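Colleague: Sequence order for the protein chains is A and B.
Numbering-wise (my numbering), the first sequence opens with residue 1 and increments by one.
Numbering-wise (my numbering), the second sequence opens with residue 1001 and increments by one.
Think of the hints as simulated: they come from the structure by calculation, not from any bench.
Worth double-checking, as some hints may not be accurate.
One-sided and incomplete, this derived list gives chain A residues near chain B with beta-carbon spacing under 8 Å [to be verified]: (1) L48; (2) K72; (3) L88; (4) F96.
Quick caveat, the model's predicted, so the values are computed rather than measured.
Think of the CB as a built atom: it goes at the ideal place given N, C-alpha and C, for glycine as much as any other residue.
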Amino acid sequence: MIQVNQLSKKYNDTTVLNINNLEIPKGQSFGLVGNNGAGKTTFFSLLLDLIQPSTGNIKTNDIQVNTSENWKSFTGSFLDESFLIGYLTPEEYFYFIGDLRHQNKADIDALLAKHEEFFNGEILKNKKYLRDLSKGNQKKVGIIATLIGNPEVVILDEPFANLDPTTVSRLKKIIKELAEDPNVTVLVSSHDLQHTVEVCDRIVALNKGEIVKDIQTSKETLQELESFFAV
Amino acid sequence: MIKKFIFLEWKAFIRSASFGKNLAMKILLGFLMIYFSLIFVGMGVGAFYILKKMNLEPLYTVNRFMIYYFLLDLLVRLMLQSIPVLNIKPLLVLPFKKPTIVHFSLGKTALSFFNWIHALFFVPFSIVLIIEGYDIIGIIFWNLAMISFTYINNFLNIILSNIDKLFVGFLVFIVALGTAHYYQIFDITIFTAPFFQGLYEIPGLFLLAVLVLTGLYIFSFRFFKNNLYLDAGLSVKEDIAQTENFSWLNQFGTVGTFLKNDIKLIKRNKRSKTTIFMSFLFLFYGLLFFSGGIEAYDKPVMHLLAGIFVSGGFLFVFGQFVPSWDSSYYQLMMTQNIPYRGYIMAKWWMIVIATVVSTILASFYLYFGWQIYLTIVVAAIYNIGVNSHLVLLGGAFTKTPIDLTNAGGAFGDKKAFNVTAMLLTLPKMLLPLLLYGIGIYFENKNLGLLLVAGTGILGFIFKDKVFTLIEKRYKIEKYSTISAYKQKN
């Protein structure tokens, strides 16, 4: 589904990301772990054509992301709060994204009803604009919005950060459900090794922009990763 | 302790985004500052002689209108002068004493541009008065009173700024006063002029103003000190949100989706609301030109310029900042399934609708004759056909993120000046004036109007071609725009 070729990103002389070759097959749930500055967000930004690669390219579904925009119709993503429109209510935001993804109001309402538990009564019909929601609640909105229009690729940057324990476990359930769908490729980045291991089939660890580990998740994965990051 | 504060302020000043890196912009800003300062100083020096020439007693005349001066000043402050509250937060948990923090924050507002600009008028005016033989002591007292009033406004603004509806009420009040005065129904200056004059004539009266100022300072100090908590004075007010669907816009497809969003954007943010207010003011800008009040303005070519401003107020104050209005969520826009064309087209429609509405509202200019109104209509056609494209094209180069919640900076964001955007403003004004000038040269006003309107219609006809060009430009600038919008403040 996603192919990375000779990809690198340099700022002045500092290389922040350098991936020679990476292939993520369709339907995989892919976890990206690493310390701060490892290049996780840079990789996702490149994948979403928000920054330009210094060399190489990324293809999703055989579409090169920085030359064609056709990948947008099947990709849902949430990187940070700058993906939210502060002056809208959550409902308006969902409908807005729905309009852009050619979903009608009923589709959106169905999706929202399905995730009512995840929202925990704190999002819908609360007479609040997104800008006035707490960080955690903003995140809930952003995550569910990525699911609008049944995208084939879902990209979530640090989805577990800022969420309360109950919501984290509910989110894991949602991601696992997505992962089970053979048509959906999920990409998740996180600092939290345990959460990532739990929801992903495959884990790639980045360090200073380079891939340092690439493992299929098994019982030993968590231990292996923990010993790798423990210094 | 104060030294530490000053150190922080200095850093905040030199590192602020508006301080910028661009030398050309700095020079331009410098010129603007000098320009406005000179206007005020010139007014201060000139007022005396002009009034004298009009056979009016200068000081008394100034005193007579002083009530309006200060009321308008308060109005401008309510709209533009922001209160530095946010910077206080990180200081709360550090070992600073609360009174020191409050004193410093209040003291900081005293140095604001909105205060010292008045000194540029009052001081030269007073010097001229003294040279012309007015009583020195009286003038000094008068001056002290004026400075006190300036600061009274400063603190009034701080106390009142939390009340939202106040601004509109205040505006209505001032307009009502002015109108009543003009039609000689009720003249407030009859009551206030003797007081202001008394500040000069009666020694010691100025102490009243100083006393009020002191009282106000103590009040603001207490007010702030008692509210120096995150959930009180430092809280950001949350609006009660209401979901609106505007489902009637659905019939316009993608453009409708964006229009819905833009309407909400304008309705729900302070900064954009100010924009609407500003474009409303532009509507009356033409009065300066058409009423014949200012001789230099009462020329046909100037009339066309006025027409462009009258019908294009929204175009200039809103359109100029497309796509910066969406800066805070630009990354979202870039990852959604959005045709660029639809996005730009929606903005274009906003501008066109606003221009048409302005033109209809401007029909009161028919009072000055149909030729005047025709000029405005022609200017509107030019605005729709040519200028609307130019502002959108200029937008591709405007990479100033807009903080929607902040009302300040509506008079042209300082950082938004860049050479390309500046160059694009030239054809907005000069080309139509030139075309019109050609008509005048052949001593045929209507030929001029025809040329301008024709250009506008031509622009309209080639709309699709122009949009392709604009779209391309936006795509080229995409990455640098994203990275510029990420740098908030």
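Colleague: For every hint, state whether the structure bears it out.
Modeller: Against the structure, the hints come out as follows:
1. The interface hint given for A:L48 is met, as the beta carbon of that residue sits about 5 Å from the closest beta carbon of chain B, less than 8 Å.
2. The criterion of a C-beta within 8 Å of any C-beta in chain B is met by A:K72, whose closest approach is roughly 5 Å, and the hint holds.
3. A least Cβ separation of about 6 Å between A:L88 and chain B falls short of the 8 Å threshold, and the interface hint therefore holds.
4. Interface hint status for A:F96: upheld, as the beta-carbon distance to the closest one in chain B is roughly 6 Å, under 8 Å.
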